[in-house]
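Colleague: The listed protein sequences correspond, in order, to chains L and Z.
Sequential numbering of the first sequence, starting at 1, is according to my numbering.
Sequential numbering of the second sequence, starting at 1, is according to my numbering.
Read the hints as simulated data drawn from the structure, not as lab findings.
Beta carbons are placed, not taken as given, at the ideal position from N, Cα and C, and that holds for glycine.
Keep in mind that a hint or two might mislead.
What the hints assert, rightly or not - Stretch-level coverage of chain L by chain Z, calculated; a stretch enters the list once three of its residues show a Cβ under 8 Å from a Cβ in chain Z:
1) 83-91
2) 117-123
3) 185-191
As the list claims (entries may be wrong) - Some chain L residues judged to face chain Z by a derived CB distance under 10 Å, without partners named:
4) Arg-48
5) Ser-51
6) Ser-136
7) Val-137
8) Thr-145
9) Val-151
10) Thr-153
11) Arg-167
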Amino acid sequence: MISVAFLPLLFPAAPAPGLARSRAWARQYDCERISDEVALQRYPGRVRPSSPEEDPDRTVVICHQRLLSEGLREPRDEAVLRDLRDTADAIAVATEGLRPGLGEVTWLVDVHYPDGEVADKIGFATKNALMKRSLSVSDRVPLLTASDLGVLTRMPPEQAYPKACRRYHDTGSLGDDEVLVAVVQLDVRQTTLLAGICHQGRWGWLP
Amino acid sequence: MAAVTGLLASLWLSAASHAASPVQEAQQAELERVRLQIADQVQLVAFDLVDEMVVSLRDDPVFDKPTPVVLADVTVPVGLGAGMASLVENHLATVLLANPDTHLQLVHCPSCTAVVVHSGPEATVISRGHDQPETLEKLGVGTGQHALFVDVEAEGAFLVLRARLTRLTESQPIVWSHTVATSASTPALLRQPDGLTTASEARAEYLDALRDRGPIAVPLRFAVRTFARPDEGVAAPPFVWLQSGVELGVTDAQAWTSSILVGYSFIPQAYQGIMGQARVHRLLTGRARSHIKPDLYGFVGAAVISVWGPATGAFSSEVLTADEIIAALEEEGPRTSFGTLQVGLDLRVGQRIGLSTFLETIPDYANSPNFGNYVRVGLGFQSLGSEVTFWF
Numbered sequence: 001m002i003s004v005a006f007l008p009l010l011f012p013a014a015p016a017p018g019l020a021r022s023r024a025w026a027r028q029y030d031c032e033r034i035s036d037e038v039a040l041q042r043y044p045g046r047v048r049p050s051s052p053e054e055d056p057d058r059t060v061v062i063c064h065q066r067l068l069s070e071g072l073r074e075p076r077d078e079a080v081l082r083d084l085r086d087t088a089d090a091i092a093v094a095t096e097g098l099r100p101g102l103g104e105v106t107w108l109v110d111v112h113y114p115d116g117e118v119a120d121k122i123g124f125a126t127k128n129a130l131m132k133r134s135l136s137v138s139d140r141v142p143l144l145t146a147s148d149l150g151v152l153t154r155m156p157p158e159q160a161y162p163k164a165c166r167r168y169h170d171t172g173s174l175g176d177d178e179v180l181v182a183v184v185q186l187d188v189r190q191t192t193l194l195a196g197i198c199h200q201g202r203w204g205w206l207p
Numbered sequence: 001m002a003a004v005t006g007l008l009a010s011l012w013l014s015a016a017s018h019a020a021s022p023v024q025e026a027q028q029a030e031l032e033r034v035r036l037q038i039a040d041q042v043q044l045v046a047f048d049l050v051d052e053m054v055v056s057l058r059d060d061p062v063f064d065k066p067t068p069v070v071l072a073d074v075t076v077p078v079g080l081g082a083g084m085a086s087l088v089e090n091h092l093a094t095v096l097l098a099n100p101d102t103h104l105q106l107v108h109c110p111s112c113t114a115v116v117v118h119s120g121p122e123a124t125v126i127s128r129g130h131d132q133p134e135t136l137e138k139l140g141v142g143t144g145q146h147a148l149f150v151d152v153e154a155e156g157a158f159l160v161l162r163a164r165l166t167r168l169t170e171s172q173p174i175v176w177s178h179t180v181a182t183s184a185s186t187p188a189l190l191r192q193p194d195g196l197t198t199a200s201e202a203r204a205e206y207l208d209a210l211r212d213r214g215p216i217a218v219p220l221r222f223a224v225r226t227f228a229r230p231d232e233g234v235a236a237p238p239f240v241w242l243q244s245g246v247e248l249g250v251t252d253a254q255a256w257t258s259s260i261l262v263g264y265s266f267i268p269q270a271y272q273g274i275m276g277q278a279r280v281h282r283l284l285t286g287r288a289r290s291h292i293k294p295d296l297y298g299f300v301g302a303a304v305i306s307v308w309g310p311a312t313g314a315f316s317s318e319v320l321t322a323d324e325i326i327a328a329l330e331e332e333g334p335r336t337s338f339g340t341l342q343v344g345l346d347l348r349v350g351q352r353i354g355l356s357t358f359l360e361t362i363p364d365y366a367n368s369p370n371f372g373n374y375v376r377v378g379l380g381f382q383s384l385g386s387e388v389t390f391w392f
């Protein structure tokens, strides 16, 4: 009896890892729990309708295999790209609390990430997330001179970003009616992105 | 000469130090193979997202009149290479050309996508042309054009398409953006470029196609049954059957179906037969019937067959003598009924045409000297059948 009680732990339902499935195999799947009604609507013919005897609040776990298997991209890039939609939406939501005090402004986006290709995608997603909230967004990126960059890149990030913000304002690269959203990776080992905003020479990190 | 030799040696050493080991080369080759496989899988889904984007542009145009737009950049999931980008770009151009109601007129602008260098008193800026509208103006490219950027990215199990339209003026305002995501496990909708529909309409079409004939179909089947030759004696002749009846799908997916058919067989001056048959089919390839690929079903069934005529003498449990065979040919012959159990495979294309084969055991004649066995797996299978089926 005791050994039978342990069977669900040893052989859990897919895609949970167990004796029959490795952790690496389970990591290939993204799963979500949805209501029976939504599951039948989204996956007709593939989800068995519940019978009257079953629990009316039955839920269905839908698992999708990830498009790109492990090893095809840099682990850091994969971690960032996997959550890109949520990250971009979170940044756009975080700006909502600041908007009343900013007035009519145009939003600019700049990304500081080691890989240029991934940086472009982060910028794209952030701009679209801001546009989705009916904000005025520009494709322009404010620039600093080479000498400014030479100084700023030798400073720790906590000091460099406020200084860069000040320089954007002083050089006129960022206008008074413009707000820069900078999406940054402070440490190359991080898989989470931080965002800060620069407006009229003042810098602040978004929550 | 010594300098040249030293240069060659350093080049060789440099090349040798960068040469990949055989293991690394094999890993790279395997990675490339996996990348190609994934790109093949997601390509149709990416096309679907492009179609969906063009549908939204057609239904809700950004511009009131046809407007020149530069296709500035098309990027694909990191790791899947530039080949897929070209395919997506070509598809986007195809559907935009086929849908002039979007009011987007693709124009060629080499300076917009080229890398340009602008050196002024304040700075020297190197970037793509569309990032420096002022420089484009100096190059003679008119301002006020629009640039379309499209990005497709694999985010977990979902493929996400993002697009934006930017006006190429000094402030570079984004005038339109669009984000749409789909799961790669969702079948591609395969819309026609000149008849684009929304995702919900395409889905409704898909479901209609899935349920095109409802749960009941009428098959018309031509079958040939052969009987295994015994070690000694005369074998029963092959039987040709014409069968029809009904087939019932349990769900829209048609993963389980059942059928009941009746049949008739007639060869002049040889034999006649009637039969009734019931089968249960299970889809073996996937969880739902496919509209674009053949489906393989496995089935089990049972049949009751009644035969008569001069050539049906072998349907007996006794050894036939030459006199009995000659006598049977001159008379109508005995009428014999027996039951069978079947197991087989059925390959169907679009639920229109199917080819199947089955093995059949006849319990009444399992020990008959007039029947051999094609296969014996505990149970002997005395009959082998092949069928061609048309569904209506």
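Colleague: Now tell me, hint by hint, if it's right for this structure.
Modeller: Verification of the supplied hints:
1. Only residues whose C-beta sits within less than 8 Å of a C-beta in chain Z count toward coverage, and the stretch 83-91 of chain L has 3 of them, enough to reach three; the restraint holds.
2. Against chain Z, the stretch 117-123 of chain L contributes 4 residues with a C-beta closer than 8 Å to a partner C-beta. That satisfies the three-residue criterion, and the hint holds.
3. For the stretch 185-191 of chain L, the assignment as covered by chain Z is violated, since 0 residues bring a beta-carbon within under 8 Å of that chain's beta-carbons and 3 are needed.
4. Given hint, Arg-48(L) at the interface with chain Z, holds; its Cβ is 8 Å from that chain's nearest Cβ, closer than 10 Å.
5. Hint status for Ser-51(L): violated, given a least beta-carbon distance of 14 Å to chain Z, over 10 Å.
6. Of the supplied interface hints, the one on Ser-136(L) holds, with its beta-carbon coming within about 7 Å of a beta-carbon of chain Z, less than 10 Å.
7. Given hint, Val-137(L) at the interface with chain Z, holds; its Cβ is 5 Å from that chain's nearest Cβ, closer than 10 Å.
8. Interface restraint check: Thr-145(L) against chain Z, minimum CB-CB distance 6 Å, threshold 10 Å, status holds.
9. A hinted interface residue such as Val-151(L) counts as satisfied when its beta carbon comes closer than 10 Å to some beta carbon of chain Z; here the least separation is about 15 Å, so the hint is violated.
10. Taking 10 Å as the C-beta contact cut-off toward chain Z, the hint placing Thr-153(L) at the interface is violated, the least distance being around 16 Å.
11. Given hint, Arg-167(L) at the interface with chain Z, is violated; its Cβ is 13 Å from that chain's nearest Cβ, farther than 10 Å.
When held up to the earlier numbered hints, the structure conflicts with 3, 5, 9, 10 and 11 and fits the remainder.
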